[in-house]
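Just so you know, the sequences run in chain order A, B and C. Count the first sequence with the numbering used here and you get residues 8 to 351, in order. Count the second sequence with the numbering used here and you get residues 8 to 351, in order. Count the third sequence with the numbering used here and you get residues 8 to 351, in order.
Honestly, the hints are just simulated from the structure, not real lab data. No experiment lies behind these values; they were computed from the predicted model shown. Each hint can be trusted.
Pairs of lysine-lysine, DSSO-like flavour, derived with a Cα cap of 27 Å:
#1 Lys-321(C) to Lys-338(B)
#2 Lys-344(C) to Lys-344(B)
#3 Lys-338(A) to Lys-348(B)
#4 Lys-52(A) to Lys-20(A)
#5 Lys-236(B) to Lys-293(B)
#6 Lys-203(A) to Lys-52(B)
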Amino acid sequence: MEFTAAQIAGFLKGTVEGNPEEKVFNLSKIDEGRPGTLTFLANPKYTPFIYSTEASVIVVNNDFAATQPVAGTLIRVEDAYSSFATLLAMFDQSKAGNTGISAQALIDPSSQLGERVSVGAFTVIGKNVVIGNNVLIHPQVFIGNNVTIGEDSKLYPGVKVYHDCIIGNGCTLHSGVVIGSDGFGFAPLAGNDYQKIPQLGNVILEDLVEIGSNTTIDRATLGSTIIRKGVKLDNLIQVGHNAEIGENTVIAAQSGISGSTKIGRNCMIGGQVGIIGHITIADDVKIGAGSGIEASITQPGAIMLGAPAIEINKARRNFIHWRNLDEIVRKIYSIEKQLKKSHE
Amino acid sequence: MEFTAAQIAGFLKGTVEGNPEEKVFNLSKIDEGRPGTLTFLANPKYTPFIYSTEASVIVVNNDFAATQPVAGTLIRVEDAYSSFATLLAMFDQSKAGNTGISAQALIDPSSQLGERVSVGAFTVIGKNVVIGNNVLIHPQVFIGNNVTIGEDSKLYPGVKVYHDCIIGNGCTLHSGVVIGSDGFGFAPLAGNDYQKIPQLGNVILEDLVEIGSNTTIDRATLGSTIIRKGVKLDNLIQVGHNAEIGENTVIAAQSGISGSTKIGRNCMIGGQVGIIGHITIADDVKIGAGSGIEASITQPGAIMLGAPAIEINKARRNFIHWRNLDEIVRKIYSIEKQLKKSHE
Amino acid sequence: MEFTAAQIAGFLKGTVEGNPEEKVFNLSKIDEGRPGTLTFLANPKYTPFIYSTEASVIVVNNDFAATQPVAGTLIRVEDAYSSFATLLAMFDQSKAGNTGISAQALIDPSSQLGERVSVGAFTVIGKNVVIGNNVLIHPQVFIGNNVTIGEDSKLYPGVKVYHDCIIGNGCTLHSGVVIGSDGFGFAPLAGNDYQKIPQLGNVILEDLVEIGSNTTIDRATLGSTIIRKGVKLDNLIQVGHNAEIGENTVIAAQSGISGSTKIGRNCMIGGQVGIIGHITIADDVKIGAGSGIEASITQPGAIMLGAPAIEINKARRNFIHWRNLDEIVRKIYSIEKQLKKSHE
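Please work from the sequences and hints to get the whole structure.
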């Protein structure tokens, strides 16, 4: 593949600054740029590299103002990050084509497969499963009885989907994801023993959901655990039974959503966040990494941080106090001493 | 399936309040109740829904006192939650019957399988494995050499059990669980390198243990990592080598128990708790979600919260101080200023 | 196997204190020592057990000074812990020999396998894979197209390695590990939707890397996520796209390293630590369990603790203040009251 800066600028609806005939053959990171590659600058942290990168062409935001000479040719666009994403998709070699149905997959004859479906070796598809067109199921996947999978979804090697769950169109599930395992429900009996509460519900993933590797989503006790359209979950996340995550909400790795909690739309939740059960998070809420949420957040757009989480600016001031806590406490003791003295 | 309120009350040893001939066909959640379904009220958080639910029959605790008219028929019982669990089990469709031994499983001939054992496709069973009666092994499971599995246990798709481990009767292991991987032990060598400490022990799960998806339990260096009778572990939990978890202890998702730590009986440990290695937790201890335990807890029945964890009521007061920390610190500065002034 | 204390001392270059003809047949933990076994004492926490253990021979550090009589025979060595590790390796029964290529594995004919390679049942090896000598691949493993695996590496049951990743010599990957799943990258679109950023890079594990069960390492967007020589990762760890972990760094369970972060050499990172993206951690840094790292650590050898993390001694003092926070705050209110009074 070979493009000129002018061709790429045309494609991105950007403007060239430098040599429009500059050629690129591949993409690179700005701090590892080599001649003949195209890179981008979006995160201001990487600005210094634009003056040293060997990349031939650099996509930047329209408002980028160089403070030193830049060797490469610039393409100015409205949003450098999303423009680069578009180019990545163009260069993407990973779009594995249709590999067909492996003779070493075990597919129950009661199941219905759409057109152009791929099923990898050692995959098991249970009874009465319905799979839409263009679905790509890698090897070693397990699909339980009565599962439905929409069109264009991708299940990577080793994904496990328990019986009765529903997966929408255009979903991506990475290796080790478990959908529909039993919710954690036990009723105490006499004598400290527990009785298991059967988990009879399911999990519903709406369209365009992406789920990172080894994330687990438990089935509902009754009804459904629901992951709404466009939700993106990173790796090693836990979603408890009967939880619901609203449209286009994004959650970073290792966070945990406890049972029966409802999260609104367009929320952004950092990594290693813990959210207790049976609460509600409003729309457009942002929660910083490592936070602990122990009560409902009712204000849409709230930005929270800390464990327990409070309004982010307050939390940041408190984090400064935490850094200085020893000095603050010494101050108190000194004040106390001073006062005692003045009373003597 | 169709039951009258009177039939269900008889079965649960409860009393009907309303129409004993009211019929139900299915179960529902109280906030999603539809006519013809039976629901329950146990968590006071859901009390408001009893006045609006369309469910025909509602199981409540004997001491429930309505403050408004309830449309549905009530069945009063001693413990609504465990009664409902009993009904769920009655309605449970998921009890997959014996599916037999798949021709596509690989079972070493030296292994012994009990009666009515099911083994799914693409499962591997190693040498000298002993499996009790009625065990249900789903597809894609791995059972290493010399493993023993007791009667009535269930291993969901993709469970991995390393060599020499022992699983008791009536255990349930969800997808992605790893039992018996190597403990994390490395001896420092000269020059910053590490030498691996071979991990020669095993993992023992006693009877009635349930383990959530993608939880990992490492084998002991020597001896055994032991999970006692009736322990319930949620998803994505880590149990380090040589740890021991006492009878009927329950641990929520994403918690981590470091190596050689011993946890007592009947403990309740919240989600995302971290417990350091080589310590002891007494019986009946409760630890709140997100806590960090850095020292032994010797008092049985202690209730702890925070990181580092302290007595829960103290921690809750401290959490209020955390919320107000900025105001508190400003107060100190103001006092300091005042004092300075008065000394001038 | 049977050895005398003198034979073992000769092998370890240690000195015998007691009966050099004492015989041992197996190894034990010091608190579970039985006659005829050899144990060791390295962690001072276990010192009391040396006076009660029934083990016949005990390996101790040269500087161990008994304060009571010890029944067993001692072998004094420079480093009891690493000497014991050496003995464990001698006794290790788990070294599964070459089991050959399973007829039930699916290996693409374009792949090249070295000498004495084992491939377990239901394993899938993709196109153009290159596997070095003596590699042991257990059942149910997935190796994507164009993957390279160095000599003497071990992949336990159910490991998943996505296309284009590179695994060095002498690496060990435990069950459920996922190498090379997509990094978590989405560009916001108009209307709250997200566009997936294709992840075109790979993951490189250098030599002698060990990775615990169910740990996930995402591929780079461009370039490589790199795990340097000798790194040891425990279970359930998340490593984000384009991260880099320096030589011989050790990370305990459930920690998370966000995207594009670079960690130095010889670091020791405790369990459940969270490290944000796009920062740098210097060499030889130690980070206590449960810490949150929100900024680069530029000082080599720094020891940090807390969330947010600060210098460890300061953090420990602050933890004491946290335990006493309620008393401290009451003190402030009392001072305030006193001052008000004195102004009246």
